[in-house]
Amino acid sequence: MENQSLRLGVSDFIALTNQVLDGAYPSIEIEGEVASFKVNQGKFIFFDLKDAESSIGCFMMVFALRIPIEDGMKVIVRATPKLTKWGKFSLTVQSIRPSGEGSLKKSFELLKAKLAKEGLFSTDRKRILPYMPQKIAIISSTQAAGYIDFVKIVEQRWSGLDIQVAHVQVQGESAPDQMIRALEYFNQQSELADVVVLLRGGGSADDLRAFNDELLVRAIAASRIPTLTGIGHEIDESLVDLAADVSASTPSNAAERLVPDRVMVQQQVRGSLRLIWRHMDEVAESSQNHVQSQLERIVRMIDQQHLNTVESLRAIRSHLAAYDPQRVLERGYAITRGEMEIGKSITIEQARNIITAEVTNVTKK
Amino acid sequence: MSQKNSQNEPETISQKIAELDKLVAWFESDKFVLEAALDKFNEAKKVAASIEEDLAKLGNTIDVLKKDFSKDS
Numbered sequence: 190m191e192n193q194s195l196r197l198g199v200s201d202f203i204a205l206t207n208q209v210l211d212g213a214y215p216s217i218e219i220e221g222e223v224a225s226f227k228v229n230q231g232k233f234i235f236f237d238l239k240d241a242e243s244s245i246g247c248f249m250m251v252f253a254l255r256i257p258i259e260d261g262m263k264v265i266v267r268a269t270p271k272l273t274k275w276g277k278f279s280l281t282v283q284s285i286r287p288s289g290e291g292s293l294k295k296s297f298e299l300l301k302a303k304l305a306k307e308g309l310f311s312t313d314r315k316r317i318l319p320y321m322p323q324k325i326a327i328i329s330s331t332q333a334a335g336y337i338d339f340v341k342i343v344e345q346r347w348s349g350l351d352i353q354v355a356h357v358q359v360q361g362e363s364a365p366d367q368m369i370r371a372l373e374y375f376n377q378q379s380e381l382a383d384v385v386v387l388l389r390g391g392g393s394a395d396d397l398r399a400f401n402d403e404l405l406v407r408a409i410a411a412s413r414i415p416t417l418t419g420i421g422h423e424i425d426e427s428l429v430d431l432a433a434d435v436s437a438s439t440p441s442n443a444a445e446r447l448v449p450d451r452v453m454v455q456q457q458v459r460g461s462l463r464l465i466w467r468h469m470d471e472v473a474e475s476s477q478n479h480v481q482s483q484l485e486r487i488v489r490m491i492d493q494q495h496l497n498t499v500e501s502l503r504a505i506r507s508h509l510a511a512y513d514p515q516r517v518l519e520r521g522y523a524i525t526r527g528e529m530e531i532g533k534s535i536t537i538e539q540a541r542n543i544i545t546a547e548v549t550n551v552t553k554k
Numbered sequence: 012m013s014q015k016n017s018q019n020e021p022e023t024i025s026q027k028i029a030e031l032d033k034l035v036a037w038f039e040s041d042k043f044v045l046e047a048a049l050d051k052f053n054e055a056k057k058v059a060a061s062i063e064e065d066l067a068k069l070g071n072t073i074d075v076l077k078k079d080f081s082k083d084s
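Chains as they are written, first to last, in the numbering used here: chain A, 190 to 554; chain B, 12 to 84.
Subject to a maximum C-alpha distance of 25 Å in a straight line, what follows is the list of computed BS3-like cross-link-like pairs (lysine-lysine): (1) Lys78(B) <-> Lys324(A); (2) Lys77(B) <-> Lys341(A); (3) Lys303(A) <-> Lys227(A); (4) Lys271(A) <-> Lys239(A); (5) Lys324(A) <-> Lys68(B); (6) Lys294(A) <-> Lys239(A); (7) Lys232(A) <-> Lys274(A); (8) Lys341(A) <-> Lys68(B); (9) Lys78(B) <-> Lys341(A); (10) Lys324(A) <-> Lys77(B).
Simulated from the structure, these hints should not be mistaken for lab results.
All chains should be built: construct the whole structure from the sequences, respecting the hints.
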């Protein structure tokens, strides 16, 4: 009996094997440790993924690598198994992410150092958010508790806002790309929002991993619209936070930093009116004081003038008194009236007496 | 941010607050004259009342975009 085995050429066998692999593992996640990591021609990445007993070769394109990877890091790859035309079995990697706290931290620190060196986190790049923004763009999941907290606090604090929300995933593999698309959407509008806010409530380091994605961090840093982040809890720090213009500690804190409190604004408005009133009062009082002081000055001047006149009169009187004939008579002199001829009758006036006498002799001196 | 209505009156809360600040500044400036102060004060009172009214009655408009950001457009 003839053997019924399938007979194929090498290429066909490899193609068939790949078809079988595609059917069996359209996409699979494999966890392991990275070894022999290298980048060829700036485009192709090769590394081995290994555990205690086994190792498998991996291939991926540079553009698919969103986090820094180095040998020894524990990672999870999403990949498709493939048999190459040279008969080598390898994994074609679509995405890679750190696994475990140590690798997450290592990856975070590597990317942080790289982007910091490029100046993406520099304080010189930070823009000030408008005090009273009107048009707000929000990137978040509308089901997220953080988004709900944010909206609640904004509603309590301020009014008249035009808020546009891009509903995106804020966790998981596709989250960074969704947030980047939303950011691009808002930055491409003809009328830009005053602020774009990126929100997500608390979660584990792995939940918040999307906010350490290199492309998302770069998109935040490049945004034409000033950026505000409210991600996780107070203790969480993401690279997106570092690249944003303002980073709030939580979504609720983002709401507080975004809009003023209407009660405070009301107090300020009332304070302004009180300030104007006080100023008017001061000016009125000052004018009144000025008029009063001028009046007093006039009265003082009249008084002075009066005193001067009285003084002047006194001086004149004193002066006149010196010429008073009576005072001369008092000093013993006498006034003689009549013709100084012998036999004529004359009168002699003294201080106390008026004497009538006859001239008996006139002698020239 | 800077729309104004046809009578050139401030329209938004921030514009009205800026107008109020301008009036306060007038009172503190060299331009202050007692004859004009009462009119300016009444104007400030009107702007302040309008701000308070806006703060009390206005709500926010929240529009969740229909665009699907899970796919490349």
